[in-house]
Structures are given as structure tokens and as C-alpha cells.
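Undergrad: Could you put together the complete structure from these sequences and hints?
Chain residues, written in single-letter form:
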Amino acid sequence: EAGVTQFPSHSVIEKGQTVTLRCDPISGHDNLYWYRRVMGKEIKFLLHFVKESKQDESGMPNNRFLAERTGGTYSTLKVQPAELEDSGVYFCASSRPPGLLDETQYFGPGTRLLVL
Amino acid sequence: AQSVTQLGSHVSVSEGALVLLRCNYSSSVPPYLFWYVQYPNQGLQLLLKYTSAATLVKGINGFEAEFKKSETSFHLTKPSAHMSDAAEYFCALLPPNFGNEKLTFGTGTRLTIIP
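Protein chains in written order, with this note's numbering: chain A, 2 to 117; chain B, 3 to 117.
Just so you know, these hints were derived from the structure itself, not from any lab.
No experiment lies behind these values; they were computed from the predicted model shown.
You may find that some hints are simply not true.
Here are the in silico distance ranges between beta carbons for each label pair [stated by the list, open to error]:
no.	chain 1	residue 1	chain 2	residue 2	range
1	B	Ser5	A	Gly4	26 to 32 Å
2	B	Val31	A	Leu117	25 to 31 Å
3	B	Thr57	A	Glu58	30 to 36 Å
4	B	Ser5	A	Glu58	17 to 23 Å
5	B	Ser82	A	Lys79	44 to 50 Å
6	A	Glu86	B	His12	40 to 46 Å
7	B	Gln47	A	Ser54	27 to 33 Å
8	B	Leu48	A	Val13	40 to 46 Å
9	B	Thr114	A	Gly73	38 to 44 Å
10	B	Leu48	A	Glu86	25 to 31 Å
11	A	Glu58	B	Ser14	18 to 24 Å
Taking lysine-lysine pairs in the DSBU-like style, the calculated list, with each CA pair at most 30 Å apart, reads [what the hints assert, rightly or not]:
no.	chain 1	residue 1	chain 2	residue 2
12	B	Lys70	A	Lys79
13	B	Lys71	A	Lys45
14	A	Lys55	A	Lys42
No residue lacks a Cβ here, since even glycine has one placed at the ideal position from N, Cα and C.
TA: Here is the structure:
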């Protein structure tokens, strides 16, 4: 079973530019999550999709961040325009549908974003 | 609101010595608890999890953790450290109710193994 994949692995952009991160969850996982770790701090929740619907987006920092999951498969997270404080590692995770008795969220390798 | 505290952002142990990484949590209801590990240049990998069954949980690579409700702790241990254990370790909490599935993480502990 293939794991969660994320693209790109690294991105270096200038302030004001746009960046789009992609996450492909494990096949069959309805739940998809985005998290972010700013340097030296804890990993923080951004949002949660159930299939194509946003279940919880309480962690999204501001309206410069837009997440989508069209068709309930892969997800994209767009930052537009990027600011210096957006630098960090963006993790994606997925988990099985509720009721299948597996609460584990499986994480991807992350995208390291550096905004200059 | 729930929170996770990991005491010690950096821990160094000698190869062959006991590994003890501390995690304390705060939650209004008994949570599910997880330890994840991040090896250099890799993503987060699940080490072990507690989901209200046995309080002593065994994970991969010889690690185990014990859920202690009275101490609100979930410390990670390994009897004998190996060089390959050098990594960053994260303790995380999940409320045990559907509809609130965001993990709350501690700040992480970087483990260094001294040859």
C-alpha cells in the first residue's frame, strides 16, 4: 500500500509569489489533514477534509491560504501571496473513514517551504 | 482545550543506555495518545499509540510507552539506545470523539545518541 505522498518536497519562493502544495492520501482514506510546523515550534493543525468537504478549517491562518480537495482524492494547499512567516514544513496526513476502528493519521514526508 | 508538553527539546543518551522521553498531556476527557518519530529528511512515522485498551503500549523498534492517567503522562522508553534511534520524537493527543479529529502535538524532542 502506497503511503501519503506530497509534492514538491522543497519550495523556495519570494515574498508575494504563489505556491501550491499537493497531497495524495492513501487510497481509500476519506479523511485528509493539513498540518504545519514553523521552525522550532510545534506541529499545528490547519484543516481537515472528509472526502471533498471541509470538516474543520479552524487552523487556517488567514485568507491567503486556500485548500481544495476536488473529487475527494488529492488535495492542494495554495498560499497566495506568500509572506515570510509562511515558511515552514507543511505536512499532509490521511486516515480511514470513521467506524473502521483505526484512528491513526498517516503522514506524508512534508513540503519544506521557504519564503525569502 | 487540550495540550501536550514534552519536557526537554534535546535529549542525549549513550548507545546502550535507557531512553526516556517525557510527555504530559492536558485534556478534559481521556484522550488517545500517539508517539511519532521523524528521522532525518523523512516524514512522520507512527511509533505507537494508546487508544484506551492496555495502558502499556509496545511499538516498533523496541519502544514502549505507558499511559498513566493519575500523572497525565505518556512517557516513551526504550531499554537500550541504538545509533539508529537518533531522530526527533513527537507526542500527540487526539480527542476520542468523532467530529474533532485534529491532533495536538508537543514541541518535539530531538534525541541524540552518543557512541
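Undergrad: The structure should be examined with respect to each hint, and the outcome stated for every one.
TA: Hint by hint, here is what the structure shows:
| no. | hint | in the structure |
| --- | --- | --- |
| 1 | B/Ser5 / A/Gly4: 26 to 32 Å | 29 Å, holds |
| 2 | B/Val31 / A/Leu117: 25 to 31 Å | 44 Å, violated |
| 3 | B/Thr57 / A/Glu58: 30 to 36 Å | 35 Å, holds |
| 4 | B/Ser5 / A/Glu58: 17 to 23 Å | 21 Å, holds |
| 5 | B/Ser82 / A/Lys79: 44 to 50 Å | 46 Å, holds |
| 6 | A/Glu86 / B/His12: 40 to 46 Å | 25 Å, violated |
| 7 | B/Gln47 / A/Ser54: 27 to 33 Å | 28 Å, holds |
| 8 | B/Leu48 / A/Val13: 40 to 46 Å | 30 Å, violated |
| 9 | B/Thr114 / A/Gly73: 38 to 44 Å | 42 Å, holds |
| 10 | B/Leu48 / A/Glu86: 25 to 31 Å | 29 Å, holds |
| 11 | A/Glu58 / B/Ser14: 18 to 24 Å | 39 Å, violated |
| 12 | B/Lys70 / A/Lys79 | 41 Å, violated |
| 13 | B/Lys71 / A/Lys45 | 24 Å, holds |
| 14 | A/Lys55 / A/Lys42 | 25 Å, holds |
Checked against the numbered hints above, the structure violates hints 2, 6, 8, 11 and 12; every other hint is satisfied.
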